[in-house]
Amino acid sequence: MKIHDSLSGAALIALAAAILWHIQGFPPMPGQKFGPAWFPGLIAVGLGVCGALLVFSAFRSGAPWLRFPEWVHRERSRAAVLAVLAGVVFYILAADKLGFFLTAIAIIALWVRVLGASWRMTLLMAMIAPLIIHLAFYKGLRVPLPWGLLEQWAF
Amino acid sequence: MGVLGQAFGLVFDWYVLWVIVGSAMFGLFVGAVPGLTATMATALLVPVTFFMPPVPAIACIVTATAMAIFAGDIPSCLLRMPGTPASAAYTDEAYAMTKKGQGEIALGASLVFSVIGGLFGTAVLILAAPALAEVALNFSSFEYFWLVMLGLMSAVFLAHANPLKGIVSLLLGLLVASVGLDNPAGFPRFTFGNAELTGGLTLIPIMIGMFAVSEILRNVAAIDRPWEMAQAKIGNVLRGMWGLAKRYPAPIMRGSVLGTAVGALPGAGADIAAWMSYAISKRFSKEREKFGTGHVEGIIEAGASNNSALAGAWIPALVFGIPGDSITAIVIGVLYIKGLNPGPTIFMNNAPAIYAIFLVFILANLLMIPLGIAAIKGAKQILRAPRELLLPVILLFCVVGSFAINNSIFGVTLMLAFGVAAYLMEENGFPVAPAILGIVLGAMLEENFISSMIKADGDFTKFVSRPIAGGLALAAALIVLWALLGILKRRRFP
Numbered sequence: 827m828k829i830h831d832s833l834s835g836a837a838l839i840a841l842a843a844a845i846l847w848h849i850q851g852f853p854p855m856p857g858q859k860f861g862p863a864w865f866p867g868l869i870a871v872g873l874g875v876c877g878a879l880l881v882f883s884a885f886r887s888g889a890p891w892l893r894f895p896e897w898v899h900r901e902r903s904r905a906a907v908l909a910v911l912a913g914v915v916f917y918i919l920a921a922d923k924l925g926f927f928l929t930a931i932a933i934i935a936l937w938v939r940v941l942g943a944s945w946r947m948t949l950l951m952a953m954i955a956p957l958i959i960h961l962a963f964y965k966g967l968r969v970p971l972p973w974g975l976l977e978q979w980a981f
Numbered sequence: 016m017g018v019l020g021q022a023f024g025l026v027f028d029w030y031v032l033w034v035i036v037g038s039a040m041f042g043l044f045v046g047a048v049p050g051l052t053a054t055m056a057t058a059l060l061v062p063v064t065f066f067m068p069p070v071p072a073i074a075c076i077v078t079a080t081a082m083a084i085f086a087g088d089i090p091s092c093l094l095r096m097p098g099t100p101a102s103a104a105y106t107d108e109a110y111a112m113t114k115k116g117q118g119e120i121a122l123g124a125s126l127v128f129s130v131i132g133g134l135f136g137t138a139v140l141i142l143a144a145p146a147l148a149e150v151a152l153n154f155s156s157f158e159y160f161w162l163v164m165l166g167l168m169s170a171v172f173l174a175h176a177n178p179l180k181g182i183v184s185l186l187l188g189l190l191v192a193s194v195g196l197d198n199p200a201g202f203p204r205f206t207f208g209n210a211e212l213t214g215g216l217t218l219i220p221i222m223i224g225m226f227a228v229s230e231i232l233r234n235v236a237a238i239d240r241p242w243e244m245a246q247a248k249i250g251n252v253l254r255g256m257w258g259l260a261k262r263y264p265a266p267i268m269r270g271s272v273l274g275t276a277v278g279a280l281p282g283a284g285a286d287i288a289a290w291m292s293y294a295i296s297k298r299f300s301k302e303r304e305k306f307g308t309g310h311v312e313g314i315i316e317a318g319a320s321n322n323s324a325l326a327g328a329w330i331p332a333l334v335f336g337i338p339g340d341s342i343t344a345i346v347i348g349v350l351y352i353k354g355l356n357p358g359p360t361i362f363m364n365n366a367p368a369i370y371a372i373f374l375v376f377i378l379a380n381l382l383m384i385p386l387g388i389a390a391i392k393g394a395k396q397i398l399r400a401p402r403e404l405l406l407p408v409i410l411l412f413c414v415v416g417s418f419a420i421n422n423s424i425f426g427v428t429l430m431l432a433f434g435v436a437a438y439l440m441e442e443n444g445f446p447v448a449p450a451i452l453g454i455v456l457g458a459m460l461e462e463n464f465i466s467s468m469i470k471a472d473g474d475f476t477k478f479v480s481r482p483i484a485g486g487l488a489l490a491a492a493l494i495v496l497w498a499l500l501g502i503l504k505r506r507r508f509p
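Chains as they are written, first to last, in the working numbering: chain V, 827 to 981; chain D, 16 to 509.
I should point out that these hints are in silico values taken from the structure, not numbers from a laboratory. Any given hint could be a false lead.
[Stated by the list, open to error] Below are the DSS-like pairs computed for lysine-lysine, each with C-alpha atoms no more than 30 Å apart in a straight line:
#1 D:LYS301 to D:LYS470
#2 V:LYS828 to D:LYS504
#3 D:LYS114 to D:LYS353
#4 D:LYS115 to D:LYS305
#5 D:LYS353 to D:LYS115
#6 V:LYS965 to D:LYS305
#7 D:LYS395 to D:LYS504
#8 D:LYS301 to V:LYS859
#9 D:LYS470 to D:LYS114
#10 D:LYS392 to D:LYS114
#11 D:LYS261 to D:LYS115
#12 D:LYS477 to V:LYS859
[Stated by the list, open to error] For each label pair, taking beta carbons as the anchor points, the in silico distance ranges come out as:
#13 D:LYS470 to V:ILE958: 31 to 39 Å
#14 D:GLY20 to V:LYS923: 48 to 56 Å
#15 D:LEU503 to V:LEU919: 16 to 24 Å
#16 D:LYS477 to V:SER887: 37 to 45 Å
[Unchecked claim] Not close to chain D: a few residues of chain V, all C-beta gaps over 10 Å, as computed:
#17 TRP891
#18 LEU924
#19 LEU967
#20 TRP973
#21 GLU977
Glycine residues also receive a C-beta, built at the ideal position from the N, C-alpha and C atoms.
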């Protein structure tokens, strides 16, 4: 997604203003001139100046405000990108409750299928990939991946 | 037993050797698949190295990246797609050679001269780093402030055609770094009462997001575009290499020296080194007209350059804790986790581990010859790896890896947010590398800035009154000036 530089610039100015407003609440360091607000303050000023320069330099460029990349118009690519994003969001929301296995099986199946593999391959991958990653991380590296609903069958 | 003996003991251990061979194969694979980069290989390895002792952990990253930078040349020759950005400079040249039926020579030259460049960079690393550390022992906050500035300025101005967007990217990175308690005042900034944010944003999930997830998004967006492979008969890739080495000694030397120097310059890494070396090779060549038509000279020089840059980048990373490129930006995080805190004293406190790392560099470069030949022979199989199976597995790996650092689902959220952000930034011409550098160096920049300001009592002339600090300030200013002059020149004579 291409955003017009003037829009990005305006967003940066807004961000800078928000930071400058927010850091007013930072306390000074006792006995020092330079407290915790100094550094973010400098960053905000820099962002504001760069934002203004971006707005100014791109103002007459004639580019559209928003331009979607050409893959948006290709059905398979669009579905693939959406599936990737949706899958990760689903993992974030569901992994603790459903557990690693159920969540991973679901998202691997979704991704492999949407990216264009056959149903047979999809099922195979959905079984094998989570198992191997679980073995590597849970057994090998002792990462406490959640069991969720499968708690009683934990191994 | 001396330090060197201890270092040998640390490296020549079955477990470490296993790790080296395994990560070499991993690096060759990731490098050879277009769209998967050496930096991504590093980001993916970090969650695994997290659970290893220091020496194998670092060995893993050193080996995988050296292999990946070489392997990036393989799809350049066969698909006209650089496997990693460091090969992009001479992808067209290498592909043109394959079309002429000289694919074997192109691949052989990238392999052999990658090894030579890598060994040269390693030699400089071994000799220069301890010497530089002696000097660095006397550095005060003023020198560190300017060193960080030098790194940030070269990341913004050397790497990119649009410095304004580079600066924005850098500032955003610095902003991310200022989240949390880790500042001279110990005040929780931008945490909005969220406990996860108090300790600051964890680096590794951010890196996995910016280097792996954004790449995966780009790859899946192009999933319906098949790769077209050029036909190449590949026999003995080492044949004729001795002749090339005798014919082009100057380009090999120039590429290795420039690559090491660019690598050692904080902020600029293998990809910039390769672009610069290719351009220099063309300018000084006796057969300039042959460049672009499938001529091996530029591949030799730039191939040596990008591998030597890899070792060069470790010089500032080990001595100052300032990354020479985006790979060492991740490595610095790993060094801290492993208790090998970078800085001039690392050569006294952890000498055996550091010499072990140097040994691994040599070993990895030597191992590149047999494994590289095997990778070239197996290239067609590697490039036929089905993306629809590969990408989902890598993505699940990213998810679990981001979780594993703090055992927190918040890591996965960070990964996704920064992955999407990096994708959007690149789409809009904002380079990602300065942001990474800003995130890694933000705390160091602020600490040295504030303590220098306090020492100088707000008098900015004190920042440049010590000779080395003044010299570093001048170097940073020259980089900015040089880049701005270049832009003006391009505007006037487009």
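- Query: For the pair supplied as a hint, LYS261 (chain D) and LYS115 (chain D), is the alpha-carbon distance within the 30 Å limit?
  - Reply: Status holds; Cα separation ~23 Å.
- Item | Restraint check for LYS395 (chain D) with LYS504 (chain D), where alpha carbons must lie at most 30 Å apart | Measuring from Cα to Cα gives roughly 45 Å; hence the hint is violated.
- Query: LYS477 (chain D) and SER887 (chain V), beta-carbon distance inside 37 to 45 Å?
  - Reply: holds, 43 Å
- Given pair status - LYS115 (chain D), LYS353 (chain D), alpha carbons within 30 Å: violated, 49 Å
- Is the hinted pair LYS301 (chain D) and LYS859 (chain V) satisfied, with a Cα-Cα distance of at most 30 Å? violated, 61 Å
- Message: Next pair to validate is LYS965 (chain V) with LYS305 (chain D); report whether the Cα-Cα distance is within 30 Å.
- Response: Cα-Cα ~56 Å, so violated.
- 30 Å Cα cutoff - pair LYS828 (chain V), LYS504 (chain D): Between LYS828 (chain V) and LYS504 (chain D) the Cα gap is close to 28 Å, so the pair holds against 30 Å.
- Restraint check for LYS301 (chain D) with LYS470 (chain D), where alpha carbons must lie at most 30 Å apart: Violated, at about 55 Å.
- Distance rule for LEU967 (chain V), whose beta carbon must clear each one in chain D by more than 10 Å: It is violated; LEU967 (chain V) is separated from chain D by about 4 Å at its closest Cβ, not greater than 10 Å.
- Falls inside 16 to 24 Å, the C-beta gap from LEU503 (chain D) to LEU919 (chain V)? The hinted range 16 to 24 Å is violated for LEU503 (chain D) and LEU919 (chain V), with Cβ atoms some 52 Å apart.
- Item | Pairwise hint evaluation, LYS114 (chain D) against LYS470 (chain D), where the allowed Cα distance is 30 Å at most | violated, 63 Å
- Item | Closest CB of chain D to the CB of GLU977 (chain V) still more than 10 Å away | Consistent with the label, GLU977 (chain V) stays out of reach of chain D, its closest Cβ about 17 Å off (over 10 Å).
In this structure, the hints that do not hold are numbers 1, 3, 5, 6, 7, 8, 9, 13, 15, 19, in rising order.
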